[in-house]
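Given the coordinates of chain A, assemble chain B onto it according to the supplied hints.
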Amino acid sequence: MVQRRYRAVPGLRTGNAVKKTLSTTDMSQAGAAGTTVGADKTEAAMRLVGLWKTYPGGAQPAVRNLSLDVCNGEIVTLLGPSGCGKTTSLRMAAGLEVPDQGDIFFGDHPVVMMSRRLFVAPDKRKVGMVFQSYAIWPHMTVEQNVAFPLQSRKCPRREIKERVQRALELVGMGGFEDRPGPLLSGGQQQRVALARALVSEPRVLLLDEPFSNLDAKLREHMRIELKLLQKRLKIAVLFVTHDQIEALSLSNRIALMNSGVVQQQGSPRLLYEEPANEFVRDFLGRTLLFRGKVHSSNPAGQMAIALEGARDCIVFGRNYDTDGIKPGAPVFIAVRPEDVQIFPAMGSEVPPGMIGGRAQAALFIGERIEYQVEVDGQGVIVIYGERHNPVAEGSRVWLKPRPDGHSAWASDWSHLSRAVGAGA
Amino acid sequence: MTELATTAAPQLSVEILPRKSTAIMAIVILALGFYLIYPVFLILIQSFNTAPEILIGTPKWGLDNWRAAFTEPRLLQALTNTIMIWALVMLVSFPTATLIAWTLARTNIPFSHSLEFMFWISYMMPGISIAVAWIMLLDPELGFINIGLQKLFPSIKEGPFNIFSVPGIVWAHLMANGVALKVMLLTPAFRNMDATMEEAARVSGASDLRTMLRVTFPLMASPLALVFALQLLRIFQSFEIEQLLGVPFSFFVYSTMIFDMVRREPPLYGQATALASITLLVVALIIPMQRWILQRRHYTTITGSFKPGLIDLGKWKWPVFGVAGALIVVLTLLPAVILVLGSFMTRSGFFNINPVFTLEHWKLALTDHAFVDALKMTLILATTAALLGPLVFSILAYIMVHTQWAGRAVLDYIIWGSAAIPGILSGLGLLWLFLGDFPPGSGFRPLAFMYGSIYALLLVVIIQGKTTGTNIFKGMFVQVGKDMEEQARVSGAGWLRTYFRVWIPLLMPTWILIATHTFVIAANTTSSIILLADRSTRTLSILALEFASPEIAMLEEASIISIFLIVLTVGIASVARAFGLRLGVQHEHRLSGSVPDGSAEISGGARPKDR
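The listed protein sequences derive, respectively, from chains A and B.
By the numbering used here, the letter at position 334 of the first sequence is numbered 334, and the numbering carries on one by one without gaps.
Throughout, the numbering used here is defined as the position within the second sequence, counted from one, plus 1000.
What the hints contain is simulated information worked out from the structure, not anything from laboratory work.
These numbers come from a predicted model, not from an experiment.
Any given hint could turn out to be false.
Said to hold, decoys possible - The calculated label-pair distances, taken between Cβ atoms and stated as ranges, are:
#: 1; chain 1: A; residue 1: Leu233; chain 2: B; residue 2: Lys1020; range: 31 to 39 Å
#: 2; chain 1: A; residue 1: Ile224; chain 2: B; residue 2: Ile1504; range: 50 to 58 Å
#: 3; chain 1: B; residue 1: Val1575; chain 2: A; residue 2: Pro138; range: 21 to 29 Å
#: 4; chain 1: B; residue 1: Phe1111; chain 2: A; residue 2: Pro156; range: 52 to 60 Å
#: 5; chain 1: A; residue 1: Glu159; chain 2: B; residue 2: Ile1504; range: 38 to 46 Å
#: 6; chain 1: B; residue 1: Val1330; chain 2: A; residue 2: Pro138; range: 41 to 49 Å
#: 7; chain 1: A; residue 1: Ser82; chain 2: B; residue 2: Phe1217; range: 53 to 61 Å
#: 8; chain 1: B; residue 1: Trp1292; chain 2: A; residue 2: Glu159; range: 53 to 61 Å
#: 9; chain 1: A; residue 1: Pro138; chain 2: B; residue 2: Ala1206; range: 39 to 47 Å
#: 10; chain 1: A; residue 1: Glu367; chain 2: B; residue 2: Phe1217; range: 48 to 56 Å
#: 11; chain 1: A; residue 1: Pro156; chain 2: B; residue 2: His1113; range: 46 to 54 Å
#: 12; chain 1: B; residue 1: Pro1167; chain 2: A; residue 2: Pro138; range: 50 to 58 Å
What the hints assert, rightly or not - Pairs of lysine-lysine residues, derived as DSSO-like cross-links and limited to a Cα-Cα distance of at most 30 Å, are as follows:
#: 13; chain 1: A; residue 1: Lys217; chain 2: A; residue 2: Lys227
#: 14; chain 1: A; residue 1: Lys124; chain 2: A; residue 2: Lys161
#: 15; chain 1: A; residue 1: Lys124; chain 2: B; residue 2: Lys1315
#: 16; chain 1: B; residue 1: Lys1151; chain 2: A; residue 2: Lys124
#: 17; chain 1: A; residue 1: Lys217; chain 2: B; residue 2: Lys1482
#: 18; chain 1: A; residue 1: Lys231; chain 2: A; residue 2: Lys217
#: 19; chain 1: A; residue 1: Lys231; chain 2: A; residue 2: Lys126
#: 20; chain 1: A; residue 1: Lys124; chain 2: A; residue 2: Lys231
#: 21; chain 1: B; residue 1: Lys1482; chain 2: A; residue 2: Lys227
#: 22; chain 1: B; residue 1: Lys1482; chain 2: A; residue 2: Lys154
#: 23; chain 1: A; residue 1: Lys154; chain 2: A; residue 2: Lys231
#: 24; chain 1: A; residue 1: Lys154; chain 2: A; residue 2: Lys234
#: 25; chain 1: A; residue 1: Lys124; chain 2: A; residue 2: Lys217
#: 26; chain 1: A; residue 1: Lys326; chain 2: A; residue 2: Lys227
#: 27; chain 1: A; residue 1: Lys231; chain 2: A; residue 2: Lys326
#: 28; chain 1: A; residue 1: Lys217; chain 2: A; residue 2: Lys326
#: 29; chain 1: B; residue 1: Lys1020; chain 2: B; residue 2: Lys1482
#: 30; chain 1: A; residue 1: Lys126; chain 2: A; residue 2: Lys234
#: 31; chain 1: A; residue 1: Lys154; chain 2: A; residue 2: Lys126
#: 32; chain 1: A; residue 1: Lys154; chain 2: B; residue 2: Lys1020
#: 33; chain 1: A; residue 1: Lys217; chain 2: A; residue 2: Lys234
#: 34; chain 1: A; residue 1: Lys161; chain 2: A; residue 2: Lys126
#: 35; chain 1: A; residue 1: Lys231; chain 2: A; residue 2: Lys161
#: 36; chain 1: A; residue 1: Lys154; chain 2: A; residue 2: Lys124
#: 37; chain 1: B; residue 1: Lys1020; chain 2: A; residue 2: Lys126
#: 38; chain 1: B; residue 1: Lys1482; chain 2: A; residue 2: Lys126
#: 39; chain 1: B; residue 1: Lys1482; chain 2: A; residue 2: Lys161
For each residue, glycine too, the CB sits at the ideal point set by N, CA and C.
Only chain A is shown next, with the shape it has when bound in the complex:
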């Protein structure tokens, strides 16, 4: 088993295993064992095992060796930048794409086993799906839209009426039965799409960026409603989004994908606080990179790092390649913006635990102020400040990073961060 796991660090939750994936070879070896993460196999509502997909004419596989379980009552999110393969993965689960390799199980039933050329068509899979566009059929009324899955599955006529009614009430659309599809607002279309996905009581609910066409307020509202609804129905949900806020707030687990490969799976908190690689670090939230030198390290990967340009500022962080960084070696320390405080300088001497700089520009963006700070010995870094204690543009400032909880990296991987639009 070549899969790397992080060593336990004292004081760290180790409940979830984490994959570190930097190269494909690394990943394919790891995945070849069919390792899925996070849930007991017997209770998984859906299991994707070793899925590969290359589109005709595509140079790179869109999905490489994806393995993922979705359990009953769980929301699992596929998160990643556009083109990372997350929608392809969802479509394979729905049966809308045929994987090149791999298996899919619904409960214990195989619906795809490519080695035996077994493939169950989408209409035989009993899933519910909400498309990004909602795909409300414009030539049907709300009721006809929602009744369609039941009619297709040969549900008795009298039962249909009642179940449609129930589904519409569930999403708060009771009373809209006779409304034609095109006469619905975005939010209403979304609810109808959800009712249509749920009406046949599917084993798995598949959501493809369902909130991306809603305005910000409605999006927040629908997010909460979906979470409540899912808790009530205890249904398994596979959710695809490129919006990290959506992913962090809704998911029980997130699988963060890039270039067709799952970079890390685990709870939202795990991904945010213990990113497995530079991609995960830069994709979720924003990261400030400070340069420093390793002061000392322990075998567990915990290290003390002296920030460059400060007389006496040592912070603690973890590093995943304990062999890679020796004491005295240069290192990059990734700090979340909320973990740095900014003060106006109160003297020429920078106090211990802080690093000096000059605020070049201050941008008021409402909830906070963003300072562009020329940090001593570091270069220009954007620091967040409270709006109640503004610092004057052009003045000297002191920056105080939290003393611990950071991550340390051998490289800044800035090319990667730029390539994926880090912190978007």
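Okay, now just chain B, sitting in the frame of chain A:
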């Protein structure tokens, strides 16, 4: 895991991964290839067969036909005549149509939408009806205009106009749809142009005229290029106008020449194939040119939301409207009135016989078996084609847009490429496909029953409508997107159910548009079916061609048929128009990989209308 599979599989309705797609695709490509491409090869092959009876008996291979083709001056003359007529028509119609389209779309000319609609009516009027009407107007001896001029100016003894001349043929083309089609294609493109482009020029200090010359026309270069590319393939489509107006003074274009050779006793099949082959080679040179124009990057920004600022014509507003209105009258009202008038005259053009007007021709026509049969045949053919066409085209378009099946590019090339095959040649190829041995040399003629049957005509009509029909459906499939279908599949509906419950209702307007289009083609077409129809399967348009021909010269009967044709085509099309269906140049943003290259195309109006 394997155990799971074996135990669980029977409980589910499991299907083994389909290899169906490959089989379906193979059948589709073979069928299309057989009816679209193979006949062309037959023509090429038979051009080397010098046996006197090429359809039966042992072939004798040799180059005699080709030698004859290049030594017999009439053959090459016919080909150059074809190109000359086309070039003359283009020379007049292209600038005229551009100017008209610009005026309709970009100035405050009154009733611009009604005028545009009238050009559309003009386009819909069958070429054969227009030709018959203009014979009645401009016949050197009996033409109403000539008679009128002679009455007005007694010094004029004959003429002065003669429709049976090269200028006459060009004039008839301009009146039929040489101008109207281009106006119809260009006006929407001009109308949808982003007005901010022009406004920026105005703000930069350019005058109206300067803006038009420096900004509007250059921006319109791409739709102009598209329309030009479309016109390239119409070079060889022309038939009935030349048949009616050219043959009387022994002026032949390639299509009338081929018809003449095939219908002669004994037929000159060998030379006809050689001429047909040369034409095919020229077409083969034109196709890459056309595709090159179509595939260049077209940067015109077309916005739906912007209301373009209109140029104020000032005091010229009404005079300009007057000119446009007069043109419309000449294009539509005049021929229609003349046809009606002529049909009630004892002898068209004779105002001095008694009685001048009579109902006899109408009585005769409506009781004439040939007429009634042709009307019935036309209605059956057009209705059947209108029902079948959209089904076939929509499935072809679906395969090309919404499947990933191998061979879609081949399908696309067959459909595009065969659009270039002129009607008369496709008719000739099919004629030999039906009458010749299959496989060649076997003495076995499995398709002989097709000759002179309605099935042959149906096949030809659907073939003729396929490129436009398929491309419009493709545009619609791209536009509607696959979500609607996928949602149905995920909701438990099978493919058939999805097609009938989701696709057909969603595409209904397009469906009706294509049905109309196919109907109009079926009612109008002459050149592609004239070699395949016999007495029992003559349509109205072929009957009109016979009546109006100089040997029979029953212009009054021809005018009655022409009126029927106008009512059928313009009538049906106007009904469809009421559904808000339009044709026009529009740019398609292709979905990645779903459609082979061709960043822009005409998704409407590319009516390979037979002429």
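Against the structure, the hints come out as follows:
Judged by the Cβ atoms, the range 31 to 39 Å given for Leu233/A and Lys1020/B holds: they are separated by roughly 37 Å. One distance hint, 50 to 58 Å for the beta-carbon pair Ile224/A and Ile1504/B, is violated here, with the actual separation near 39 Å. Our hint of 21 to 29 Å for Val1575/B and Pro138/A holds, since their Cβ atoms are close to 23 Å apart. The hinted range of 52 to 60 Å is satisfied by Phe1111/B and Pro156/A, whose Cβ atoms lie roughly 58 Å apart.
Separation of Glu159/A from Ile1504/B is about 27 Å and departs from the stated range, judged on CB atoms against 38 to 46 Å. Hint check: Val1330/B to Pro138/A, Cβ distance near 43 Å, so the stated range 41 to 49 Å holds. Between Ser82/A and Phe1217/B the Cβ separation comes to about 39 Å, which falls outside the hinted range of 53 to 61 Å. Restraint check, Trp1292/B to Glu159/A: a C-beta distance of roughly 60 Å satisfies the suggested window 53 to 61 Å.
For Pro138/A paired with Ala1206/B, a C-beta distance near 44 Å keeps the hint of 39 to 47 Å intact. With their beta carbons about 52 Å apart, Glu367/A and Phe1217/B fall inside the hinted range of 48 to 56 Å. At about 52 Å, the beta-carbon gap between Pro156/A and His1113/B stays in the expected band of 46 to 54 Å. A hinted range of 50 to 58 Å for the beta carbons of Pro1167/B and Pro138/A is consistent with their spacing of about 53 Å.
At most 30 Å may separate the alpha-carbon atoms for a hinted pair to count; Lys217/A and Lys227/A meet this at roughly 16 Å. Distance check on the hinted pair: Lys124/A and Lys161/A sit about 22 Å apart at the alpha-carbon level, within 30 Å; holds. Proximity of Lys124/A to Lys1315/B is assessed by CA-CA distance (about 70 Å); at most 30 Å being required, the pair is judged violated. Of the pairs offered as hints, the one joining Lys1151/B and Lys124/A is violated, with about 82 Å between alpha carbons and a cut-off of 30 Å exceeded.
A threshold of 30 Å between alpha carbons decides the hint, and for Lys217/A with Lys1482/B the separation of about 29 Å falls inside it, so the pair holds. Note on Lys231/A and Lys217/A: the hinted pairing holds, with a Cα-Cα distance of about 22 Å set against a maximum of 30 Å. With a C-alpha separation of about 20 Å, the suggested pairing of Lys231/A with Lys126/A holds against the 30 Å cut-off. Proposed proximity of Lys124/A and Lys231/A is supported: the alpha carbons are some 26 Å apart, at most 30 Å.
Taken as a hint, the Lys1482/B and Lys227/A pair is honoured in the structure, with Cα atoms around 28 Å apart against an allowance of 30 Å. Taking the CA atoms of Lys1482/B and Lys154/A, the gap is about 24 Å. The hint holds against a cut of 30 Å. Among the hinted pairs, Lys154/A with Lys231/A is consistent with the structure: their alpha-carbon atoms are about 28 Å apart, no more than 30 Å. Proposed proximity of Lys154/A and Lys234/A is supported: the alpha carbons are some 25 Å apart, at most 30 Å.
Only pairs whose Cα atoms come within 30 Å are accepted, and Lys124/A paired with Lys217/A is rejected, the gap being roughly 37 Å. Distance check on the hinted pair: Lys326/A and Lys227/A sit about 46 Å apart at the alpha-carbon level, beyond 30 Å; violated. For the proposed pair Lys231/A and Lys326/A, the alpha carbon gap of about 48 Å is over 30 Å, so the pair is violated. Taking the CA atoms of Lys217/A and Lys326/A, the gap is about 49 Å. The hint is violated against a cut of 30 Å.
Between Lys1020/B and Lys1482/B the CA atoms are separated by roughly 20 Å; this keeps the pair inside 30 Å, and the hint holds. Restraint check for Lys126/A and Lys234/A: the C-alpha separation of about 16 Å stays at or below 30 Å, so the hint holds. For the hint linking Lys154/A to Lys126/A, the alpha-carbon distance of about 13 Å falls within 30 Å, and the restraint holds. Pair hint Lys154/A plus Lys1020/B holds up; C-alpha atoms about 26 Å apart against a cutoff of 30 Å.
Distance check on the hinted pair: Lys217/A and Lys234/A sit about 26 Å apart at the alpha-carbon level, within 30 Å; holds. Straight-line distance between C-alpha atoms of Lys161/A and Lys126/A comes to about 19 Å, which keeps the hinted pair within the 30 Å bound. For a cut-off of 30 Å, the pair hint linking Lys231/A to Lys161/A stands: about 25 Å separates their Cα positions. Restraint check: the Cα-Cα separation between Lys154/A and Lys124/A comes to about 12 Å, which is no more than 30 Å; the hinted pair holds.
With a C-alpha separation of about 23 Å, the suggested pair Lys1020/B and Lys126/A falls inside the 30 Å cut-off, and the hint holds. Between the alpha carbons of Lys1482/B and Lys126/A the distance comes to roughly 19 Å, so the proposed pair stays at or under 30 Å and holds. This hinted pair checks out: Lys1482/B and Lys161/A have alpha carbons roughly 28 Å apart, not beyond 30 Å.
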